[in-house]
Amino acid sequence: MSRIGVFVCHCGENISRTVDVERVAAYAAQLPGVAYATDYKYMCSDPGQNLLKKAVAEHQLTGIVVAACSPRMHEKTFRKAAQAAGLNPFMCDMANIREHCSWVHENRDEATAKASDIVRLMVERVKRGKVLEPITVPVTKRSLVIGGGIAGIQAALDIADAGHQVVLVEREPSIGGHMAQLSETFPTLDCSQCIMTPKMVDAANHPNITLYSWSEIESIDGYIGNFSVTIRRKARSVDEDKCTGCGVCMAKCPQKKIPNVFDRNLGLRTAIYVPFPQAVPNTPVIDREHCLKFKTGKCGLCAKACGPQAIDFEQQDQLVTEPVGAIVVATGFDLYSIDRKPEGSSIEGYGEFGYGTIPDVIDGLTFERLASASGPTGGKILRPSDGKEPKQVVFIQCVGSRAREKGISYCSKICCMYTAKHTMLYHHKVHDGRAYVFYMDARTPGKCYDEFWRRAVEEEEAVYIRGMVSRLYQRGDKVVVMGSDTLVGVQVEIEADLVVLATAVQAQPNADSLAQKLGISYDKYNFYSEAHAKLRPVECATAGIYLAGACQGPKDIPDTVSQASAAAAKVMTLFAKDQLEREPIVARVNERNCVGCFACRKVCPYGAIEEKEIRDRQGNLIRTVAHVNPGVCGGCGTCQATCPSKSVELDGYTDEQIVAMIEAL
Amino acid sequence: MEHDFEPKIVAFVCTWCTYAGADLAGTSRMQYPSNVRVLKFPCTGRIDPVFILRAFQKGTDGVLVSGCHPGDCHYMAGNFHARRRFAAFRQLLEFIGVDLNRLQFSWVSAAEGGKWVEVVTELTERVRAMGPMVEFKELEMEEHWSGKLDSPELKEAYQNI
Ligand SMILES: Cc1cc2nc3c(=O)[nH]c(=O)nc-3n(C[C@H](O)[C@H](O)[C@H](O)COP(=O)(O)OP(=O)(O)OC[C@H]3O[C@@H](n4cnc5c(N)ncnc54)[C@H](O)[C@@H]3O)c2cc1C
Ligand code: SF4
Ligand code: SF4
Ligand code: FES
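Just so you know, the protein sequences line up as chains V and U, in that order. As numbered in the numbering used here, residues 1 to 665 make up the first sequence, in order. As numbered in the numbering used here, residues 1 to 161 make up the second sequence, in order.
Chain U on its own, in the form it takes in the complex:
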């Protein structure tokens, strides 16, 4: 199927559950959109929210964060810390103007190849419908514009921010 816009999706996954779940989707020859790029972490606990921000800044249109189900983390509690961290981080993202529909958290176990396919497909389709992520580009443009601040008062105000 041809689309006007193909979103760039990145998935931050833990190696023990979701990465293995994605492997299972492969060995079961399930099919899903090719938009997703997978970045492997030992555990969701290692995923720094800054990475998500960075990905959006680099023009990623949708981000998936996925690991073991609560209670199944290979390191016992990494995903609990991750969950807590991301709950706070979502608010920050919203505050800076990122539509939270671009960010998806899902638990996918090593046995859930089917769920991996579902989650990736759903996110891809949703983000495709939303169109490209422009918030950060707009910010950049604004800065570009503010580079041309000509009155000294404006310049000073800008410096003081």
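So that you can see chain V by itself, here it is in the shape it has in the complex:
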């Protein structure tokens, strides 16, 4: 038999002004199952809570209804008090007679009647309440970081410095990401390599970091605190443990004319290669598509030259499985493929700009490689077509960005700044050259950013033309740029030696498939979605997964690093506890009833529903039923409303409780 206690609060006069609280208490006292009812001026005050605790002991109460404010206000308070009195906290509920009653109604009789109804419904609910124990799940204090750009490196270093193991997975042969390709960086113009390489080395040498380069995520199972990750280590054809990184193999390789993607195809590389000299790890990879040994079976010069005999043509992809408790996704961005419409994409190309057909039309990243001291030209600005120094360079901003008609409506955020940087770098290297910039707006929020931009315009003599370019075409060895100057209202035509397009920042081409493996959401541009745009900007809605860097949206380096450290801090917060505790509002399957249709699994937004095999004593499979993983279940109850056989039930919101309340309406 239930022995429910009802405590009606005056809330000073907030409730008692319109609700006759004594009448409500008297009404409650005679409800079936109610053992005690009273009213008090401030239930949430210390004396109020003591009154509640005393009543539990005196009247052997089994459940409590506090008729007061909204549960969003004080449910925790009263559940704690109930617990202190020796009750299960989930046997205490609140009847909201303030926000939902006394504050919104004026007529005292009506408000009193409604308050009595609300109390009656809650009494029915608590009478059918179940004792619920908090759910704890263990935490594996190791973290996975996906992507070894500056975001992934920073997050990995922070977590590793806090004393936790990190598994860092990078798809390319070397970590470094886009930052390794940059020349000098705004707003301070320090050399990107100089600030990046030490971090890359730190990450690779850190005792707490296991680096898997040339590797990809194969699959991910599990949930917060308890993920299991399978990583595909792609065959390198070089034994990482034996290789000393001397580079003799590359010197011997006869296949020397392969365009180097790292240099935006401006430089050449061999079939056995490291993407750039400062690569970390410094172990080469054999590009099997171009290697003669793989193509014709003959050659093997590198293997003959290799002192430690590290070359292994037989090497296969390897799958390794790592247990981790948290995941930081830091897979970065890609640049807009200017000339063509990517397959299956809703985004249009810019064929009219001649990218890919006019050799002296390049993108911003290619310009970075030209300007980089370790780049294919040794830092000289030389145009691709004939290697001459360009005297007139036209930069075009917002190529792809903010172009709704082409399919992208967002601002790429970094192009205004890096174009200003490019004009400066150009001016420093080609003193008699002239830089023109076509722009829509100059967007320079950020510390020292506007100052930087002004410097480009005012001191470094970049000519900024507000307007769009309509056409580019080759005339002789020049590229003619036709556009409009909308401030002056005239058409302009510039004979350029080189044109640099600031193309939109886009998501990685395979961002969606990784998201599906991780079970995280992404927006229509395939950028990963944070749990809340303002208040939870580094967490995914999926618990235990965090975001860092440009995979979430266009970002410059300072923002990327901040977010990476924030994500690391979130991981450390998670790792500060040995066990995770969560509210026990989770679904539970009645295995006897379940018919195994898995309608529930189709609707579960968390992927919490698993298959469970029921076997007889001999181990023969009898049937497969649904099982809810309590660590993953979010507690929405959608499965319960969907189950055709009524076999799954959400604790705290059982059918029995709800139907009893409806019956009591």
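Treat the hints loosely; a few may be bogus.
In silico SDA-like cross-links for lysine to any residue, where the CA-CA straight-line distance does not exceed 20 Å [what the hints assert, rightly or not]: (1) K8/U with K80/V; (2) K76/V with F89/U; (3) K602/V with G71/U; (4) K80/V with H59/V; (5) K8/U with K646/V; (6) K58/U with A664/V; (7) K8/U with S529/V; (8) K524/V with T15/U; (9) K534/V with K8/U; (10) K646/V with F89/U.
Everything labelled a hint here was simulated from the structure, so no lab data went into it.
With chain V fixed as given, assemble chain U with the ligands onto it according to the hints.
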């Protein structure tokens, strides 16, 4: 204002948006008819259409189902499943003779105290004008009558249904 008939309204709401929106109406001291009784669910996804049917059977005159706006569900997709479920359920209700004007679906966010007041007031007034929900009572009466089936053929036919 005095009315001849005061309808019984029940609102099935999710805790994250509409319940919080109703709280906001309270903290903003907005006023609305006191006819509504609120039943809290974690999410609209938890609301089984059977609950709505049950409420009507128990003599509720109007039902409101309300949760987060599409895309804002605390559990990502609960309200999408709910929306789909209720679209089908409305047809069933219509089939069994319930006037669909008695049932209202509205998205009310945690910030929309004003909208909560509007929705509740509108539904209350509409249902008040429609008068009491009698369909199920009539059904009950019919059954009562059929209890008095006296010819054996009728009785058998009744059993076979
Ligand atoms: C032309 C240009 C100039 C710029 N100049 C500046 C500047 O001067 N100052 C400034 O602050 N910012 C600048 N930026 C911006 C800067 O490059 C970015 O802010 C920064 O690179 C973002 O770092 P990230 O780690 O998020 O992404 P990335 O640098 O893109 O790194 C992502 C890494 O993840 C790896 N990866 C991707 N997918 C997977 C996968 N599925 N599995 C495993 N690994 C994966 C990639 O290989 C890569 O190594 C510039 C950008 C451009 C395009
Ligand atoms: S594979 Fe051999 S030759 Fe090539 S870099 Fe490594 S150690 Fe040197
Ligand atoms: S919907 Fe119900 S019956 Fe079907 S698998 Fe899930 S719990 Fe079992
Ligand atoms: S939480 Fe409000 S509808 Fe799902």
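Evaluated hints:
Taking the CA atoms of K8/U and K80/V, the gap is about 35 Å. The hint is violated against a cut of 20 Å. Between K76/V and F89/U, the direct Cα distance comes to roughly 36 Å. Violation of the 20 Å bound is thereby established for this hinted pair. In summary, the hint linking K602/V to G71/U is supported, as the alpha carbons are separated by about 18 Å, within the 20 Å threshold. Between K80/V and H59/V, the direct Cα distance comes to roughly 19 Å. Compliance with the 20 Å bound is thereby established for this hinted pair.
Between K8/U and K646/V, the direct Cα distance comes to roughly 29 Å. Violation of the 20 Å bound is thereby established for this hinted pair. For a cut-off of 20 Å, the pair hint linking K58/U to A664/V stands: about 9 Å separates their Cα positions. A C-alpha spacing of about 42 Å is found between K8/U and S529/V, which places the hinted pair above 20 Å, so the restraint is violated. For the proposed pair K524/V and T15/U, the alpha carbon gap of about 28 Å is over 20 Å, so the pair is violated.
For the hint linking K534/V to K8/U, the alpha-carbon distance of about 40 Å lies beyond 20 Å, and the restraint is violated. Straight-line distance between C-alpha atoms of K646/V and F89/U comes to about 17 Å, which keeps the hinted pair within the 20 Å bound.
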